[in-house]
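Protein chains in written order, with our numbering: chain A, 1 to 357; chain B, 1001 to 1259.
Worth flagging that the hints you see were computed from the coordinates, not collected in a lab. Any given hint could be a false lead.
[Stated by the list, open to error] Not everything, but these chain B residues come out facing chain A in the computed CB check (under 10 Å):
#1 T1156
#2 G1157
#3 R1159
#4 L1163
#5 M1164
#6 D1168
#7 G1170
#8 N1172
#9 W1173
#10 D1179
#11 I1180
#12 T1186
[Claimed, not checked] Computed footprint of chain B on chain A; a stretch qualifies when at least three of its residues, placed anywhere within it, have a C-beta under 8 Å from a C-beta of chain B:
#13 32 to 46
#14 72 to 79
Cβ atoms here follow ideal geometry from the backbone N, Cα and C, with glycine treated the same way.
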Amino acid sequence: MAIAIGIDGVSKRYGDVQALGQVSLDIRAGEFFTLLGSSGCGKSTLLKLIGGFEAPDTGRLTFDGTDMARVPASRRPVNTVFQDLALFPHMSVGENVGYGLKLRGTAATERRRRVADALELVALGGFEDRDVSLMSGGQRQRVALARALIMEPGILLLDEPLTGLDERLRQQLRDEFGRLHKRTGATFVLVTHNQDEALTLSDRMAIMHQGRIVQTDTAEGFFSAPANGFVAQFLGLEPLLVPERVEDGRAIVAGQPIPVGEARPGAARPVVALRPDRLRLDASGTLELKVETVRFRGLSCDLRLSFSDGQTLTLSAPPEARHDHAVGQIVRIALAPDAALLIPPDDTATAGAQPAP
Amino acid sequence: MTARSNAATVWILVALAVALIYAPPVYLIAISLNPALQPGLPSLGDLSLKWYVALAGEGGLTRALRESLLVATITALAAVALALLAALAYLELRRGRTIWFLAMLLPLFVPGVIQGLALSVIFTRAGITPSALTVAAAHLLWAMPFAFIVILTSMTGLRPSWLMAAADLGANWWQRTRDITLPVLTPGLLSALIFAFLLSLNEFGRAFYLVGRQNTLPIELFGRMNSGADPTIYAISGAIFFVSLLCVGAIFLSARKRT
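So that you can see chain A by itself, here it is in the shape it has in the complex:
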């Protein structure tokens, strides 16, 4: 049965590196939850703590309310698909998949049947006797999945499981994760740096940065209300414009007003995040910008446009637009409703990506 995970004030240090700082998070039973962040943000450490491969320095980890501090990895109702898959090289596919059941003492005939079922589930029926080292990346991936799923875990942990696969396989396996989640009903926790994976699969996700959770929300929630400039940039809500001032639901950037709806309180120096999908070239548009560069991208072309104070934004236009717009030309763009969001700036130390005024 699916298990809810409670993480309460958990910290973890490796020498001088604070891998996790006071992380609190509730993952609901049966949900597909994603920990999203760039490498070194602490997402894998958090996964290791849930799996029981590392112990937290402080804080509490609970499964359905039960403290897990004294329960070793081997006795947790959790199974993991590891980043490097960790298939046992000296065992065949069938032995790999059946290893957990063997440890549980499942009888050989019953085990054979369930291994066959599990391989069937990941579309590898009949592969029992194959050598794992002779399989393709996608097949190995499926073996690792089958090996975890055969245990019928309450929680399945997926540690960057699609890294290193080509794009077609990624999409195929991504769909498979979704299907298996529905089918097994277990709580899935995915760790990834790929926002596409996170957005397509998750019920909810948390964006992590420097050992902390920056925001926890549904996919839609992140786009309608990113917590700050870091989240906005991470999800591609760019550019972040620094306004001269904010008044009456409008942010003034280089003298031009941008409607931002309701300003969220709390931020001393808010920035304007523009959703690139809600900007378009329009002769009757409200913003007047200068074309800096035009770059052909095949199915589209990117126009980099600048405000009079030097801040820039990139607009995706139809490929033909490259013939109509010359560098130095003044163009007008229109903003759809809710195109601009007024949010707190990126308050993390590694910022530096904010446009200089």
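Using the hints provided, position chain B relative to the given structure of chain A.
The following block gives chain B in isolation, referenced to the frame of chain A:
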């Protein structure tokens, strides 16, 4: 110079080096085939297995050989068992790893003659009769660090994630060791076993202080060499040389079959 003449030069040098290394033992084998009592190269028409036949009547040499094989077997088994435990401990350790590693290697740096003398004094004090076991005890100190290094080397092939995955699937420490660590280490354990066996078989300095009534083979050979001409020692050297050639050949063939 062309690439071809370069390659030729390299091969000539290799051939010279091999000849240099193997000339003395081949010379030894040659004189073992000389029926004369004085060591010297036999004429081709004069080759004889006389001294090899005489080996059968040489109780002293065969007893020494048997003693050496016994000591080497005890040493190899004990050294590999202890080195395996030490390597497993190394795997679990985090902070104390370097200290542990150095502690295991320490006996290697005690000169053999000193180690032999020290053990001899202590065993005498403790009233322990010199025997195959006292020699094996000294050889254990000599061979175990080597076995430890060989096993640690093969442990680099053990991915931590395999152990994590086994734990994830419900394996406790013992099950992880049995099902993952040991199978991965098996080739390393075999190498360590052979290495420790050979180290013990060859050892002279420590054994010299610690043998009881029965000499080991190196001591017996040394003693006979100093006590006048006895071509049977060339014959037993030749025999051992052939047997080790056969072993190496067998290992080479089985390794080729596997890959």
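Consistency of the hints with the structure:
1. T1156: T1156(B) check fails; min Cβ-Cβ to chain A is 14 Å, beyond 10 Å.
2. G1157: 9 Å, holds
3. R1159: 7 Å, holds
4. L1163: Hint on L1163(B): holds, closest Cβ of chain A at ~9 Å, below 10 Å.
5. M1164: 5 Å, holds
6. D1168: 5 Å, holds
7. G1170: Since the shortest Cβ distance to chain A is 4 Å, the answer is holds.
8. N1172: 5 Å, holds
9. W1173: 9 Å, holds
10. D1179: Since chain A brings a Cβ to about 7 Å from D1179(B), closer than 10 Å, the hint holds.
11. I1180: With a closest approach of 6 Å, the I1180(B) hint holds.
12. T1186: With Cβ-Cβ at 9 Å, under 10 Å, it holds.
13. 32 to 46: With 0 residues in contact (Cβ-Cβ under 8 Å with chain B), the coverage given for the segment 32 to 46 of chain A is violated.
14. 72 to 79: With 6 residues in contact (Cβ-Cβ under 8 Å with chain B), the coverage given for the segment 72 to 79 of chain A holds.
Hints 1, 13, counting from the list given before, are not met by this structure.
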